[in-house]
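Peer 1: What follows is the residue order along each chain.
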Amino acid sequence: MVVACVNIPRFAVEAERQRRKRMNARLVLIGENTVYDCSLGAEVLKVRRGMKMSEAIGLCPTAIVLPTDVPYYERRSDEVVDFAEAFSPVVEASGTGAAYVALDGLPTPPRRLADDVIAGIHKQFGFMASVGIASGKFAARVAALITRPGVVKLVADGTEAAFLAPLPIEHLPAAEAMRWRLAMLGMGTIGEVARLPPGAIQAQFGAEGRRCWELAQGFDSEPVIARVSEQTIVRRLQLPSPAMTMDVILAGTEKVVQAAYSSLGGAGRGRWVRKAVVRAVLDGGGTWELPVAFREAVSDGDDAWFAIRNAITKRPPERPVEEIEVELIGLSGESGKQARMFEGKGKLWRQVEEAVRQIEVQQPGTEKAPVGKIVALEPWSRIPERRAALAEFGDKLAP
Amino acid sequence: MITTRRLRSLNTPRPIGVQTDEHGQPIVLVISGRKLAVEAHHETWRIDDEWWRPKPISRTYWRVSLEDGRVIDVYHDLAGGGWFRQAYG
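These protein sequence lines are chains A and B, in that order. Mapping to our numbering: the first sequence position 330 is 330, numbers consecutive. Heads up, our numbering is the position in the second sequence plus 1000, with the first residue counted as 1.
One thing to keep in mind: the hints can contain errors.
As the list claims (entries may be wrong) - Restraint ranges, calculated between C-beta atoms of paired labels, are given here:
#, chain 1, residue 1, chain 2, residue 2, range
1, A, A297, B, D1077, 47 to 55 Å
2, B, R1063, A, V356, 33 to 41 Å
3, B, R1006, A, L45, 37 to 45 Å
4, B, S1058, A, M246, 21 to 29 Å
5, A, L348, B, S1058, 39 to 47 Å
6, B, G1024, A, G58, 44 to 52 Å
Since the hints were derived computationally from the structure, they do not count as laboratory data. Ideal placement from N, C-alpha and C gives every residue a C-beta, glycine not left out.
For reference, chain B alone in the conformation it holds in the complex (with noise of 0.2 Å):
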């Protein structure tokens, strides 16, 4: 009698449409179809990790302000790009 479980990852990565500046820094994020400018950005950081496996984890996350008020958390991929929305916690 076999049987296999599976456990599935919580709060993944979602692509998300951004514009950047001159600096690669997040200006509009297009969240639901609607384009919404960031008013400010609160912090950035980089996490690098896992760099020994064919697929390394090389990520910018930016935390930002946008314009209806809702703070959320945002990452480009340097590893295999794309952006992506993932609360940070």
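Bound conformation, chain A alone (with noise of 0.2 Å):
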């Protein structure tokens, strides 16, 4: 087995400085109560990972501190992925900013692949990675967490457990308390882990124990496991202004619900829906996210938007929205659907329909008519560009 990993090293400082132009020289810490991620700066001050945060600023006082916005981290980390699979059919995800690429098979050389990897990524991506390439998965991943940023490094078939001797035991997949008790033991690098017998290693610690004992002698068998893809649909929205009344959100969510509906009765006609995920951007930085999983599959943007109002109604964004996002995850065959006994005013918006296809027909060259639909956002605000806006007229109008 050949495994390579690629690391992006301060994935969440990196992919908030590409979205925050004017921090680049500044020192960055993300969390909220505990560091969840900082800038090489900061960690040359000693800020570690899971720090208490008011000790992290007592550090570096002059740090930006930014709130932790996961969905954000893992969106950017599963685009980096998606990139890695057009190298290997086989990429496994290892946390946001990381993944595990089986290189068994592949006609282009390791390292050659891991140069192209790299520079692949900062092309498409603005990021620089690093690469590790050994029999093994968790070889391959401290390889690449050692080496800096742009670098591959190779270790050997055969010559893992000399790699990972002289490296420090918290490279190992150990709970905190297996660590504390081997440093008590005076037991500070991995060689000195692989040179217990493995007995011992066990009673003391159990399978964890073994499992560590394995690894610090190189012995890795994990296989890579590729991911699942799945087919979404992504809908957004953005505002004009940031929306802080729940009208407006739920006005603008609704209007997103339903365009990504009518995208199922398009191409992907008779598709049902599992699952659905609001997210927002924030004012001021930051995402907010709202699984909502259907009771039934769901095929139906009115039906669909009945769960996700009172979803969103129960838990709504903490702060001023500017941008809504949903996805439709899930995505099944249909499986029989019971139909309206009565359409309602549906004669009427067929006839707008039908007129909006005239429209497109007549102006040629254009894709979408030139036809807006008035939504009232917020009628009763004191600023009058507030009180409504022109949407797109969609695939669907709901009455």
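Both chains are sitting in their own frames, so use the hints and assemble them into the complex.
Peer 2: In structure tokens:
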């Protein structure tokens, strides 16, 4: 087995730097009560992940402190993993900013492929990755972690134990209690763990100890597990100004939900949805995320909106919303549907849609008819431009 | 499959040329390059909002009659400066 571990150091900080261009030269701390991630400069000042934020600010008082935005980091990380799948069919995500790539059976030599991955990620996303290559995931991961960004570290087959031996035990996947006890026993390196009799370490630390001993020996047969690719539908809506009231947030979200469902009725006709994730970009940075799992698969936007609306009302965004995104997940084939007995104003809406189609035909070269729909946002607002907005005429018009 | 749609604001303020008197009241408006005298000031009101944001909103509105008979709303932007025309409703 040949495995490459692609690692982007300080991924959360790098992702934040990309969307906040003005903080390029500043020390950065990310987190709420504890430090989720920090910039290299903060690390130099002894800040560590998991440290209390108050302690970290004490170590670097000039740092910018940002709230954690895990959904954003995960989205960016998924983009990188998607990109890595162009190099190998078997790619496994490992937290944010790291992935394992199985290299067995690929025509390109491992080192050249790793160089291509680093160059591609930098060109495509602006991140600088490091890559470790070894016969197992653990050694590859450690190699990637100790290597500078932009560099490939190759651990030759059979030399894993020697490579790992001088490195600190912090790299082992051991709980804090086990590390503490190892330190109390005077062991600071992986090599010292490897020299212990396997029976003794298993007696002291159980399965966790046995696993760490095997890894320290260079034994690692854990396979790279390819991601299950899933088709999703994502629709976003940028609001003209940050929405502060629940009515505006709900109106915007409903529009996005209906737009997402209308695309099911197009290319994906007959598709049912098991889950929706509503996300919002918040004023001042940060993302709000709300997963809504439907009790049964839903193919109608109105039914989905009923469930989503209830979920949002129970757990609304905590700050004004700048952009709303709805992702439909778990698309499946149609399993039967009870038709409506009365269509209400369906005839009128069909006439409107037909009129729009006529306009599109009369204006060749334009994909969308220059037709909009006035949406009431905050009709009570004292600020006139906040009261209503013009939305695109979607594929589906809800009366 | 990702698509982003936009909502466009309606009734956005449009800059307008205004001459004021010594009290800051509009007395002449420039509309389509034509100077029109203000014949009457019907009402004035002030709104202050979003003072917690980097760009707070602070406006003094005037509802005025022009010499050609039209009644329009204009406001003076107290935060950013300038005069704007905007139907208040």
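Peer 1: For each hint, tell me whether it holds in the structure or not.
Peer 2: Structure-based check of all given hints:
1. A297(A) - D1077(B): 47 to 55 Å: 52 Å, holds
2. R1063(B) - V356(A): 33 to 41 Å: The hint (33 to 41 Å, Cβ to Cβ) holds, given that R1063(B) and V356(A) are roughly 37 Å apart.
3. R1006(B) - L45(A): 37 to 45 Å: 43 Å, holds
4. S1058(B) - M246(A): 21 to 29 Å: Holds: the Cβ-Cβ distance is about 26 Å, inside 21 to 29 Å.
5. L348(A) - S1058(B): 39 to 47 Å: Since the Cβ atoms of L348(A) and S1058(B) sit about 44 Å apart, the hinted range of 39 to 47 Å holds.
6. G1024(B) - G58(A): 44 to 52 Å: The hinted range 44 to 52 Å holds for G1024(B) and G58(A), with Cβ atoms some 51 Å apart.
Taken one by one, the earlier hints all hold for this structure without exception.
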